[in-house]
Amino acid sequence: MDIRLLIDFGSTYTKILAVDLDRGVLLGRAQALTTVDSDITIGLKSAYSTLLDECGFQDRHIKGRYASSSAAGGLRIAAIGLVPALTLEAARRAALGAGAKVVCAYGFEIDEKIVSEVEAASCDMILLTGGTDGGDKDVILHNARMLADSRLTCPILVAGNRVVATQVRDILEARGKTVSVTQNVLPRLDAVEVEPAQALIRDIFIARIIEAKGLAGAQDFVGGEIVPTPKATLQAAALLADGTEDEPGIGSLVIVEVGGATTNIHSVCSGAPSDPLTVVKGLPEPRVKRTVEGDLGIRYNAPTIYDLTGEGPCRTRLRAIHPSLQEESIDLGAHVRTLSANVGYVPAGTLEYDVDIMLAESATGVAMQRHAGTLREEYSVVGAFKVQYGKNLLDVENLIGTGGIFKYGYRPERVLAAARFSLGTPWSLMPRDPRTYVDSEYFLYGIGLLADHFPTQALRIAKKYLRPQRSDG
Amino acid sequence: MQAADKHIVIGTIGSDAHMIGAWVLQKGLSAAGFGVTLLGAAIPQEEFVNAAIETHADAILVSSLYGMGILDCEGLRDKCVEAGLKNILLYAGGNVAAPLELQTNWPEIEKRFRDMGFNRVYRNTVTVSEVVDALKSDLGIEG
Numbered sequence: 140m141d142i143r144l145l146i147d148f149g150s151t152y153t154k155i156l157a158v159d160l161d162r163g164v165l166l167g168r169a170q171a172l173t174t175v176d177s178d179i180t181i182g183l184k185s186a187y188s189t190l191l192d193e194c195g196f197q198d199r200h201i202k203g204r205y206a207s208s209s210a211a212g213g214l215r216i217a218a219i220g221l222v223p224a225l226t227l228e229a230a231r232r233a234a235l236g237a238g239a240k241v242v243c244a245y246g247f248e249i250d251e252k253i254v255s256e257v258e259a260a261s262c263d264m265i266l267l268t269g270g271t272d273g274g275d276k277d278v279i280l281h282n283a284r285m286l287a288d289s290r291l292t293c294p295i296l297v298a299g300n301r302v303v304a305t306q307v308r309d310i311l312e313a314r315g316k317t318v319s320v321t322q323n324v325l326p327r328l329d330a331v332e333v334e335p336a337q338a339l340i341r342d343i344f345i346a347r348i349i350e351a352k353g354l355a356g357a358q359d360f361v362g363g364e365i366v367p368t369p370k371a372t373l374q375a376a377a378l379l380a381d382g383t384e385d386e387p388g389i390g391s392l393v394i395v396e397v398g399g400a401t402t403n404i405h406s407v408c409s410g411a412p413s414d415p416l417t418v419v420k421g422l423p424e425p426r427v428k429r430t431v432e433g434d435l436g437i438r439y440n441a442p443t444i445y446d447l448t449g450e451g452p453c454r455t456r457l458r459a460i461h462p463s464l465q466e467e468s469i470d471l472g473a474h475v476r477t478l479s480a481n482v483g484y485v486p487a488g489t490l491e492y493d494v495d496i497m498l499a500e501s502a503t504g505v506a507m508q509r510h511a512g513t514l515r516e517e518y519s520v521v522g523a524f525k526v527q528y529g530k531n532l533l534d535v536e537n538l539i540g541t542g543g544i545f546k547y548g549y550r551p552e553r554v555l556a557a558a559r560f561s562l563g564t565p566w567s568l569m570p571r572d573p574r575t576y577v578d579s580e581y582f583l584y585g586i587g588l589l590a591d592h593f594p595t596q597a598l599r600i601a602k603k604y605l606r607p608q609r610s611d612g
Numbered sequence: 019m020q021a022a023d024k025h026i027v028i029g030t031i032g033s034d035a036h037m038i039g040a041w042v043l044q045k046g047l048s049a050a051g052f053g054v055t056l057l058g059a060a061i062p063q064e065e066f067v068n069a070a071i072e073t074h075a076d077a078i079l080v081s082s083l084y085g086m087g088i089l090d091c092e093g094l095r096d097k098c099v100e101a102g103l104k105n106i107l108l109y110a111g112g113n114v115a116a117p118l119e120l121q122t123n124w125p126e127i128e129k130r131f132r133d134m135g136f137n138r139v140y141r142n143t144v145t146v147s148e149v150v151d152a153l154k155s156d157l158g159i160e161g
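Taken in sequence, the protein lines are chains A and B.
Under my numbering, the letters of the first sequence match residues 140 to 612, in that order.
Under my numbering, the letters of the second sequence match residues 19 to 161, in that order.
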């Protein structure tokens, strides 16, 4: 037996998975409420003793522990850049790919009003970018002065125009700010280079944020470093798609993660046009991409989904899932407000379960439309031609659902169908004919945690436990 | 201020290989005293911006004859801003849109270019002297 524990400090629950790497099996799981406000180790120890009781092994059998955290609000970053479609977009991608939540994002010169918004957003870090190397200096210098005069105390990461990087550092440090400087996220107009910034975000997360968020006690139990949970899921996505030398991956994929407060989409694929004659616009798209929709979630943000979709379409969708809706009555507006106020709400009866499915389906559709690229037609002297913005997911081979709705819900195929190409939105480049899977064990984050250390074993476990769905959508 | 103090970058944008217009402009603008860099044909946006940085240019003149000018020019102003060329002049000229659009909808095309951050846009009937006058006026050159 080679037992490893995979721990996730979630915003609500602390979850522990036990796996046996020798046999490639999941041994068991346990969870307890996250106790970050008092002492994080209380919830952790409670989950841990449950796990030991249920699985029948001892503390001394455990060879390794790995952990991720989204407790205490996760990793909250404010992104600041110059042009929204260029350095600001590159900054957002750097933050999202590092597993952060982008709580606010601003382009061009920031003013006092924006500074007070950033101060109010309780960020863990500020990512300050602007200008290509040798490009614009004025805006990042202005923004550095504004931040220097602010009451912000969190670390500021500078990843902008190299030419003024030292000057930016001096301006901020002169006013007592904590500053780290790394390479530009957009060194040239055609090159997004987010890796150095992401490495720095990770270092600062480990060095400072863990402590600040009351996770230090947990660190002692874990032994190793703690990574942001979304980063773990992203690592799982890359491993699952690409495989290792000893074990082939499953190919290009999209992971849909529906949560209570957010809906996250991860894609691993080239994103190039299906038709080589298509013209591609915008910054080059990353192969491994994550987007977070902070306004879409089936508990805290249930009212937003309801408002975005509209009452009529919500009812139509619900009727398709729940044909006897006519006879039963439900005040959807009031129900979504109940969900938002009680984020731990467990549906009572099939109708309420079906409302959850309807909300998840709607959130997935919107989140995928925002993640996927678009195709439109233009006309020229030689006739019509196609223009693609963003990432083409049409030919993605696999579609995976993860999150509570896929673990507990009983109609995952409906939710996943909303992530597929639809004739109703033909311009949206969503997967046309993917194989579909459900993370019914809710273990993908754990695969990501193992990916750094035991990629081949982690991949085999993932392939064994992902549950295939009917693919007729 | 004199024309000799001003530098202009010229090229044909996107996948367009028709460079006669850009070539004529180079001759004309040089004769009028401007410093001119002719980039050639099928030039990506990044190359226009990089050349403008290197030559400390005051204007970028984009030529397009194959009807995809709007698409090829989209985003050029954004790139200039990021590269520290916030105030550089941007002109486009040629068959900058599909033929029917050019014939029937010129005000709309001018509006689209203005919205994209271009200072001026011309049809393929424009003369060199019109361009020289416009540059002189926009750059504050007397005479």
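There could be a bad hint or two in this list.
Which chain A residues face chain B? A few, computed with CB under 7 Å, are given here [what the hints assert, rightly or not]: (1) Q197; (2) I201; (3) V222; (4) A224; (5) T271; (6) D272; (7) D275; (8) G362; (9) V427; (10) L514; (11) E517; (12) Y518; (13) L562; (14) T564.
The hints are simulated quantities; they were obtained by calculation from the structure and are not laboratory data.
Please read these numbers as outputs of a predicted model, since none were measured by experiment.
By construction, the Cβ of each residue, glycine as well, lies at the ideal position given by its N, Cα and C atoms.
Now the hints, each set against the structure:
1. Taken as an interface hint, Q197 of chain A does not check out: its beta carbon lies about 58 Å from the nearest beta carbon of chain B, beyond 7 Å.
2. Hint status for I201 of chain A relative to chain B: violated, with the closest Cβ pair at about 51 Å, above 7 Å.
3. For the restraint placing V222 of chain A at the interface with chain B, the shortest Cβ-Cβ distance is roughly 5 Å, inside the 7 Å limit, so the hint holds.
4. With a least beta-carbon distance of about 6 Å to chain B, the hint placing A224 of chain A at the interface is held under the 7 Å criterion.
5. Interface hint status for T271 of chain A: upheld, as the beta-carbon distance to the closest one in chain B is roughly 5 Å, under 7 Å.
6. Checking D272 of chain A against chain B by beta carbon gives a least distance of about 10 Å; that is not within 7 Å, so the hint is violated.
7. Interface restraint check for D275 of chain A: the shortest CB-CB distance to chain B comes to about 4 Å, inside 7 Å, so the restraint holds.
8. For G362 of chain A, the suggested interface contact is broken, since its CB lies about 44 Å from the closest CB of chain B, more than 7 Å.
9. At a threshold of 7 Å, the smallest CB-CB gap from V427 of chain A to chain B is about 24 Å, leaving the interface hint violated.
10. For L514 of chain A, the suggested interface contact is broken, since its CB lies about 13 Å from the closest CB of chain B, more than 7 Å.
11. A cut of 7 Å between beta carbons decides the hint on E517 of chain A: the least distance to chain B is about 6 Å, and the hint holds.
12. At its closest, the beta carbon of Y518 of chain A sits 4 Å from a beta carbon of chain B; the interface hint therefore holds under the 7 Å criterion.
13. Checking L562 of chain A against chain B by beta carbon gives a least distance of about 26 Å; that is not within 7 Å, so the hint is violated.
14. For T564 of chain A, the interface hint is violated, the least distance from its beta-carbon to any beta-carbon of chain B being 22 Å, above 7 Å.
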